[in-house]
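Given the coordinates of chain A, assemble chain B onto it according to the supplied hints.
Just so you know, the protein sequences line up as chains A and B, in that order. Under our numbering, the first residue of the first sequence carries the number 281, and numbering increases by one thereafter. Under our numbering, the first residue of the second sequence carries the number 43, and numbering increases by one thereafter.
Keep in mind the hints are simulated off the structure, nothing from the lab. Keep in mind the model is a prediction, meaning the values are calculated, not measured. Where is the CB? At the ideal position from N, CA and C, for every residue including glycine. One or more of the hints may lead you astray.
To be verified - Computed, partial: chain A to chain B, Cβ under 10 Å:
#1 Asn287
#2 Val288
#3 Lys289
#4 Leu291
#5 Ser353
#6 Leu355
#7 Pro356
#8 Gln357
#9 Ile362
#10 Phe419
#11 Phe420
#12 Arg421
#13 Pro423
#14 Leu424
#15 Lys425
To be verified - From the derived model, a few chain B residues whose C-beta atoms are all more than 12 Å from chain A:
#16 Ile176
#17 Val180
#18 Leu359
#19 Thr556
#20 Lys607
To be verified - Beyond 10 Å from chain B on every Cβ pair, some chain A residues (computed):
#21 Ile297
#22 Lys321
#23 Ser360
#24 Leu387
#25 Ile390
#26 Pro414
#27 Ser461
#28 Lys463
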Amino acid sequence: MSLLYKNVKQLVFDIDIFIDTVEQGVLVFKEGVINYLNGEKASFADKIERINRLEASADKLQRKIDDEFYRHSILPQNASDIEGMLDKVDEIIDIAKDNLYQFDDELPFIPKELINDYIRLVDTSAESALSVFPAARSFFRDPLKVKEMLAKVYFYEKEADKISRSIKRRLFHEMKDLHLSQKIHLRYFALHIETVSDKAESLADLLSILALKMSI
Amino acid sequence: MIILFYLSSGLFLGWSLGANDAANIFGTAVGTRMVRFKTAAIVASIFVILGAVIQGAGANHTLGKLGNVSTIAAAFTVALSAALTVYWMTKMSLPVSTSQAIVGAIIGWNFYTSNPTDVNTLIKIVSTWVSGPILGGVFAILLFMLVKRFTKKTKIHLLYRDSYIRYGLLIVGAFGAYSLGANNIANVMGVFTGAVNLPTIDLYLFHLDSTQQLFLVGGVAIAIGIITYSRHVMETVGNTLMPLTPEAAIVVVLSQALVLFIFSSQGLSNAIQSIGLPAIPLVPVSSSQVVIGSIIGIGLYKGGKEIKYNILGSISLGWLATPIVAGVMAFLMLFFVNNVFKRDVGGDRTLVVKSDIKASGMEGVSDSVVQLTDTIGKPVIEEPATLLNEPKDELSSTGKTSNYGVYITWGIITLILIMIAAILLYHLLRKKKKYHLIRKQIETIEKKYLLKIENLEKSVEDKIHRHDDLGKELKFRQNEMVTMAMSIIHKNEFLNSLKEEVVKIKANIRDHETRLGLNKLSLMITQDLSIDRDREKFQMHINEQNSNFIHRLSDSFSTMTDNEKRLASLLRLNLSSKEIASILNISPKSVEMNRYRLRKKLKVDPKVNLSDFIREF
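Pulled out of the complex, with its shape left as it was, chain A reads as follows (with noise of 0.2 Å):
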């Protein structure tokens, strides 16, 4: 009976925040890419700089919430799937940080027929992230509605799986003046955007079954 109720009000309440970091890393993230394929320089490395915090402050408040629900042996039957979700959150903002900065230290020549795709790939790919995030908040508050929640995830994913697959295919099929090198450079950051939408599946997988327990 250590935990009081102020102190859960406080994880609660660190919770939400460590949600809405990783939500606006995303959104950085997106942004930070389209500033990249524009040539916004300027804006590129604010994004950049933007997202290094954002995910300084991600990790810092899931190091807290973990050692809250240690200390006060929080939820003792779910505490480890909850922990196991908030780190599936956190790798979400990682992986777009690590995006971002492949972007910063490769700086990809992206040819302009490829900016639409590329632009579509990285707003369907955020537009999946950003989908799970309500049903990660309300799988502490009405874990029922999490189910029809992730709808949209699985679809924008998939619509992501289409974009990435569609640029590959022009890539290699209908650009034949870019060099080997190129196509495979370029190829790889398709799929670095990809990985964005693959982790917020993966945290839709996790999120139903969790949701599923909890309901039993």
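Showing chain B alone in chain A's frame:
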């Protein structure tokens, strides 16, 4: 001190009740780490004592009606037999309840002292044993539905819910402990209330009468049981029945507390009577059985798939076996106390005891008890003195005793038969269960071994494949070596024939310079034949490929020379003497000679082919 000694059996019963039954209240809470054991133990101890002192009288009254154990020696014996029954049956892993044990022991006392058992009270008590778990189940279903609906509608954050559940478990646990104390204290101290009369203690705000003082002592014994031993039970037995979620645990504990409260609250019974309904029987019920009933209730609500219905059989067996065992044990122990220790056990037996005491010169013992009561100032032990002073009653009672004797004998025989039947039935059931368990285990082991065999077969197959592959590789290597050997042989043959041709040409030519040139050519051929790089390469190759074979040869025949080893390696390739001669650049005759020496060194039977021997070595 003597009173404390007599109370010890009841206190022991109280201790075991606390140790076992606290797990029904806080088992899941502590087991799931929602509530710390320390907190649970403190709350349970306080509320068990409060329940015992404030509300323990109701159930005790019904037990008193079943059999008012009138002497302290009898109360001690009855409580001890109940405690021993609980201990023995728990050790034998048989379903047992203190409530049923004490009822059986009191009936045993009734039989022994020829005290008539109030059949209506007995029916009332037995009916609550059945209705208690059923009521627990009904409450559990209703409460579970309510909790489900509430959590569905309110959409409380999981963490807030966790916090509320912790408080809920504590509050409900406190209520459960209170009800346990109120309902079950009669099991522990009920039998002493008729035999011990303590002076009322005035504590200004309230006063404690004799019964409440006894219940306070019993409550403390239960609390000690909770503090000293329930942790172990909570951690080991607490969750074995069925793993419960904290919400379900609240429901189970609350329904158990409600049932125990209903069967011990005089106020509630009066209120029900006031509206024209029949009074609630105030009877000690088994908290464990109510918990089982509640869990089954939740199981039924969830669809009934998870319920182990055989547990109902074990409860029914508990209803039958516990009172019988306790009753028989009480009867035998009372006989022992009455006839060996010559203690007054009440009822008709009092007369026999008193006369026996006088006859056997045990007055001293009796006096010492009287003296002790005198020092306290007020009578502590109620002696049925009136019976002693009435010789008429003695005669009539003796007549009654002889009549009752026959009944008692038949009663005992029937009880023993029922007990044997019950034990046999139980053992049969256990055996069946054990048989099924063993069968399952055998099946699991069989599956495990089948899997192992499958894996072994697979690995053998793999090994065979690998062996085949290795064999193929070996053959390939051998072929490679033979090819190499053949090419060397061919080349050497060619060089030899070339050399012969050169010699022939040289014989016909007279020109000095040409002869010198042909001499040079012949020398080159001879040198090439003696210093052949291919041959060296081949030798190295042979040594490499046959390193294990050469090691084995060296280990077995330490005197073998390198040349002999080389010859053995070539023989292993199934090469003829001529071929070997060509490879080693020696004459076939030398090879034959070397073969002969090798045969002797290897001590090969003359009937056995040397090449075969070497290949199989």
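To see whether the hints hold, each was checked on the structure:
no. : hint   : result
1   : Asn287 : holds (9 Å)
2   : Val288 : holds (5 Å)
3   : Lys289 : holds (8 Å)
4   : Leu291 : holds (6 Å)
5   : Ser353 : holds (5 Å)
6   : Leu355 : holds (5 Å)
7   : Pro356 : holds (4 Å)
8   : Gln357 : holds (6 Å)
9   : Ile362 : holds (8 Å)
10  : Phe419 : holds (8 Å)
11  : Phe420 : holds (5 Å)
12  : Arg421 : holds (5 Å)
13  : Pro423 : holds (8 Å)
14  : Leu424 : holds (7 Å)
15  : Lys425 : holds (9 Å)
16  : Ile176 : holds (26 Å)
17  : Val180 : holds (23 Å)
18  : Leu359 : holds (32 Å)
19  : Thr556 : holds (66 Å)
20  : Lys607 : holds (57 Å)
21  : Ile297 : holds (14 Å)
22  : Lys321 : holds (43 Å)
23  : Ser360 : holds (13 Å)
24  : Leu387 : holds (45 Å)
25  : Ile390 : holds (44 Å)
26  : Pro414 : holds (14 Å)
27  : Ser461 : holds (40 Å)
28  : Lys463 : holds (41 Å)
When held up to the earlier numbered hints, the structure conflicts with none and fits them all.
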